[in-house]
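Q: Listed below are the residues making up each chain.
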Amino acid sequence: AQKVTQAQTEISVVEKEDVTLDCVYETRDTTYYLFWYKQPPSGELVFLIRRNSFDEQNEISGRYSWNFQKSTSSFNFTITASQVVDSAVYFCALVDRGSTLGRLYFGRGTQLTVWP
Amino acid sequence: DVKVTQSSRYLVKRTGEKVFLECVQDMDHENMFWYRQDPGLGLRLIYFSYDVKMKEKGDIPEGYSVSREKKERFSLILESASTNQTSMYLCASSFGQGPEQYFGPGTRLTVT
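Just so you know, the protein sequences line up as chains A and B, in that order.
Residue numbering for the first sequence is 1 to 116, as defined by the numbering used here.
Residue numbering for the second sequence is 1001 to 1112, as defined by the numbering used here.
In short, the hints are calculated from the structure, not lab data.
Fair warning: there could be bad hints in the mix.
With a straight-line Cα cutoff of 30 Å, these simulated DSSO-like cross-link-like pairs (lysine-lysine) come out [claimed, not checked]:
no.: 1; chain 1: B; residue 1: K1003; chain 2: B; residue 2: K1013
no.: 2; chain 1: B; residue 1: K1055; chain 2: A; residue 2: K38
no.: 3; chain 1: A; residue 1: K38; chain 2: B; residue 2: K1013
no.: 4; chain 1: B; residue 1: K1013; chain 2: A; residue 2: K3
no.: 5; chain 1: A; residue 1: K70; chain 2: B; residue 2: K1055
no.: 6; chain 1: B; residue 1: K1057; chain 2: A; residue 2: K38
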């Protein structure tokens, strides 16, 4: 069975602090994709990154970085020098070959608040 | 750019009313999905569709039905709205076996 756990329900930081959002996943498949989505107050989910299970290289995009570790089944997301505009709900998600029609399994989300 | 649109951003309906939520995508995607989002529960899949007139139940289909008469349009129907269906409804689409789902802006439905 597929499962995604985001243990942090809410995180508050002050601007310019670094913050890491945790994501732990479960799957029996060896082929799978992991995602992060951002949901700002406007409501629309914005795709941030996709990672496949065969690529464990960490990725950096500006202030965002992702740490994928198969050994611990984790796909953590770090925002460096956080800004107020980073305030949003962040979702981690998984799809594997057992997922009917590529349906995503989402974590419950982490609400990040960045204070000025 | 992929565009997924939903017919309303905010909707207020009365208990017992029949409610239609419409979703349209412009990228010729085969797959379309309806989720509801509630605080602390994340996104839960209601129904999805992989082709015209085809549908599959998700995790919480009770109280909902769907319609897909055209490839680009996927409708979510609340036959008799109830207060526990007050929620944010998100539509998404994806291409064939491609894993990315693209989301619409959401409809915040309030049933009074």
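Q: Does each hint fit the structure? Answer for all of them.
A: Comparing the hints with the structure gives:
1. B:K1003 - B:K1013: holds, 27 Å
2. B:K1055 - A:K38: Cα-Cα ~27 Å, so holds.
3. A:K38 - B:K1013: holds, 29 Å
4. B:K1013 - A:K3: Violated, at roughly 34 Å.
5. A:K70 - B:K1055: Since the Cα atoms of K70 of chain A and K1055 of chain B sit roughly 34 Å apart, the hinted pair is violated (cutoff 30 Å).
6. B:K1057 - A:K38: Given pair K1057 of chain B, K38 of chain A holds - Cα atoms ~26 Å apart, limit 30 Å.
Figure legend: structure checked against the earlier numbered hints; hints not met, in rising order: 4, 5.
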